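Peer 1: Given chain A, put chain B in place with the hints provided.
What follows is each chain in one-letter form.
Protein chains: 2
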Amino acid sequence: MAAARFDVIGIGNAIVDIIGRCDEAFLTDVGAAKGSMRLVGADDIKQIYKKMGPAVEISGGSAANTIAGVASFGGKAAFLGTIADDEFGKIFGHDIRSIGVTFDVAPIANGAPTSRSLILVTPDGERTMNTFLGISTSLSEAQLNANLIRESKILYLEGYLFDEPQAKQAFHSALQTAKGSNRKVALSLSDGFCVDRHRGEFLKLIRSGIDILFGNESEIKSLYQTESFDLAAKNASEDAKLAVLTRGEKGSVIFCEAKSIEIAREYVPELVDTTGAGDLYAAGFLFGYAKGYELAICGQLASLAASEVISHIGARPEVSLNELARDKGLI
Amino acid sequence: MAAARFDVIGIGNAIVDIIGRCDEAFLTDVGAAKGSMRLVGADDIKQIYKKMGPAVEISGGSAANTIAGVASFGGKAAFLGTIADDEFGKIFGHDIRSIGVTFDVAPIANGAPTSRSLILVTPDGERTMNTFLGISTSLSEAQLNANLIRESKILYLEGYLFDEPQAKQAFHSALQTAKGSNRKVALSLSDGFCVDRHRGEFLKLIRSGIDILFGNESEIKSLYQTESFDLAAKNASEDAKLAVLTRGEKGSVIFCEAKSIEIAREYVPELVDTTGAGDLYAAGFLFGYAKGYELAICGQLASLAASEVISHIGARPEVSLNELARDKGLI
Chain A
688 MAAARFDVIG IGNAIVDIIG RCDEAFLTDV GAAKGSMRLV GADDIKQIYK KMGPAVEISG
748 GSAANTIAGV ASFGGKAAFL GTIADDEFGK IFGHDIRSIG VTFDVAPIAN GAPTSRSLIL
808 VTPDGERTMN TFLGISTSLS EAQLNANLIR ESKILYLEGY LFDEPQAKQA FHSALQTAKG
868 SNRKVALSLS DGFCVDRHRG EFLKLIRSGI DILFGNESEI KSLYQTESFD LAAKNASEDA
928 KLAVLTRGEK GSVIFCEAKS IEIAREYVPE LVDTTGAGDL YAAGFLFGYA KGYELAICGQ
988 LASLAASEVI SHIGARPEVS LNELARDKGL I
Chain B
688 MAAARFDVIG IGNAIVDIIG RCDEAFLTDV GAAKGSMRLV GADDIKQIYK KMGPAVEISG
748 GSAANTIAGV ASFGGKAAFL GTIADDEFGK IFGHDIRSIG VTFDVAPIAN GAPTSRSLIL
808 VTPDGERTMN TFLGISTSLS EAQLNANLIR ESKILYLEGY LFDEPQAKQA FHSALQTAKG
868 SNRKVALSLS DGFCVDRHRG EFLKLIRSGI DILFGNESEI KSLYQTESFD LAAKNASEDA
928 KLAVLTRGEK GSVIFCEAKS IEIAREYVPE LVDTTGAGDL YAAGFLFGYA KGYELAICGQ
988 LASLAASEVI SHIGARPEVS LNELARDKGL I
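In the order they appear, the protein sequences are chains A and B.
Here the first sequence is numbered in our numbering, starting from 688 and rising by one per residue.
Here the second sequence is numbered in our numbering, starting from 688 and rising by one per residue.
There could be a bad hint or two in this list.
[What the hints assert, rightly or not] Ranges of calculated distance between the beta carbons of each label pair, as one might list FRET restraints: (1) A:Q856 with B:E957: 30 to 40 Å; (2) B:R952 with A:E914: 24 to 34 Å; (3) B:T913 with A:D710: 23 to 33 Å; (4) B:L890 with A:K1015: 36 to 46 Å; (5) A:D1014 with B:E957: 13 to 23 Å; (6) A:D1014 with B:S827: 30 to 40 Å; (7) B:E936 with A:K738: 34 to 44 Å; (8) A:K738 with B:Y954: 48 to 58 Å; (9) A:G787 with B:E957: 24 to 34 Å.
Quick caveat, the hints were computed from the structure, so don't treat them as lab data.
As the structure is a computational prediction, the values presented were derived from the model and not from experiment.
Quick reminder that beta carbons are idealized off the backbone N, C-alpha and C, glycines included.
Just chain A, same shape as in the assembly (with noise of 0.2 Å):
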């Protein structure tokens, strides 16, 4: 196996979020299923957008935002995923590169807009997406550098990609170069409902071989069709090499072969936004899995990245995790 370049490279939908405030009845007003991400088309977006309050714009992007993470602790990180020549396109690019961040993915004139996500922040902080594609659905195979996957020591795959029948091929694609070069794959489950709607094939390819598996308590439960945290977490770590389950203020529990490893959830002054909390939990893993730091240390990572995610609006750090790795003596 060759040196790897990077430490992590992750290909997923390239967004940038809308995030704004509401109270639950607009939730219900605009038809979202609180804590969840859904679909929507350009004219539905249109009118949320039209009915909700003031936002901020901030890059996003599931994948983009645990690459993010990834190299604001300090690892090498590239990115793959589609933007338009657009306004948003552009924010998309300059926030993923200004930090350091491999990402040479050609914009697409003329066609769809840029990938948005209207985000409803309620006032508990828990985050609600409706998230317009656009030319996220454009992505393909023949968009994807295969020699940055073959260069890095992991890929790791969004399940939302699984939403677009084209996208979902780049990721077996991807996933084949990335196993021929043997490094290792892998695999956030996303989001509840995203696993409802791919459930036969999510198991298919987590049994076929990804080395790492993410989820919180809803996918995995959903993934397994079980009401018990306990059985879906036995299944997962059955099915997977590594499960890597998040349990929102219970901590987590990282699941290797026979044993598992618990991690309490960092103490959180204040819950501002979840919005990519998920998303940051994988990159303080990821970071420290490529590092080779034991899987305690991983599972510590993971919780500090995410609980300084959750204290701001948006879903990137806001300050070096380097830092605050380094602070708490962890790396």
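Peer 2: Chain B only, in chain A's frame:
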């Protein structure tokens, strides 16, 4: 004088802020004077953006921020400013309308893009602005809805408008319309360098009958070309009917005829980003003034609004200023 539909109408540049953190060396590198606003061209803004770190996009614009603040206090407000038919124009229009502000200037298609300002925030929380005016330079008399001006108790103008000949003409025309309907006219000096560029005209304007003059220490010193705040303040209090001068940590002073009222600075647990401090100070004062509160209360409302906006990223309030003011027993 007919009953007024609006408490305040603001005229200014309609800007989307692109806010990112940087160190002092970065300001030197891009040749920006810390704490100031400078106008940059299309190429320069691209170059600075390329060099700067990740950013968030939030609606801004000096007078627009003030108007957003008036609305947050529960005042009836309107805004006049020019946007392009592009994503940033949509963001600006959405954000200001979604808080109940009347904003019905039609976007201009096929011209320059919507104005944007790269705002660099140093570790001390101070902001330095690099503004590309874009379509704002097209602000003209023809776009001003004279009826809205006649129907507003106070017309609020930002000094930045003087940087463009056409906008300056619109500024004067709006002022005449307001005066013709016996409305009050308020002016913000905007920026020390802006005052430097237009000192003679500003003085003439203020002496011709500005009812409320807003300025900070550096602006007012620049206006009267003196290093003495006391001397500058004395001059301002003679030239304007009401001079409202902010002094950062030292609080602010309201000069009205022979009297002066000192307003203490509101306690801020953590100064995060000074963007919008002066704009929101003006918002609190104008809201109080339009509602007929005594000057000391107007000053306290001003101070309260400024303290809220510097405690987070972005130049517009994140919480209801009306509720904040009620909690303080001010209204």
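Peer 1: Look at each hint and say if it fits the structure.
Peer 2: Hints versus structure:
1. A:Q856 with B:E957: 30 to 40 Å: Given a distance of about 48 Å, which is not inside 30 to 40 Å, the answer is violated.
2. B:R952 with A:E914: 24 to 34 Å: violated (55 Å)
3. B:T913 with A:D710: 23 to 33 Å: Given range 23 to 33 Å: violated, Cβ gap about 51 Å.
4. B:L890 with A:K1015: 36 to 46 Å: violated (57 Å)
5. A:D1014 with B:E957: 13 to 23 Å: Since the Cβ atoms of A:D1014 and B:E957 sit about 18 Å apart, the hinted range of 13 to 23 Å holds.
6. A:D1014 with B:S827: 30 to 40 Å: Check failed, 54 Å falls outside 30 to 40 Å.
7. B:E936 with A:K738: 34 to 44 Å: Cβ of B:E936 to Cβ of A:K738: about 41 Å, so the range 34 to 44 Å holds.
8. A:K738 with B:Y954: 48 to 58 Å: violated (36 Å)
9. A:G787 with B:E957: 24 to 34 Å: holds (28 Å)
Violation of the numbered hints given earlier is confined to hints 1, 2, 3, 4, 6, 8; the remaining hints are satisfied by the structure.
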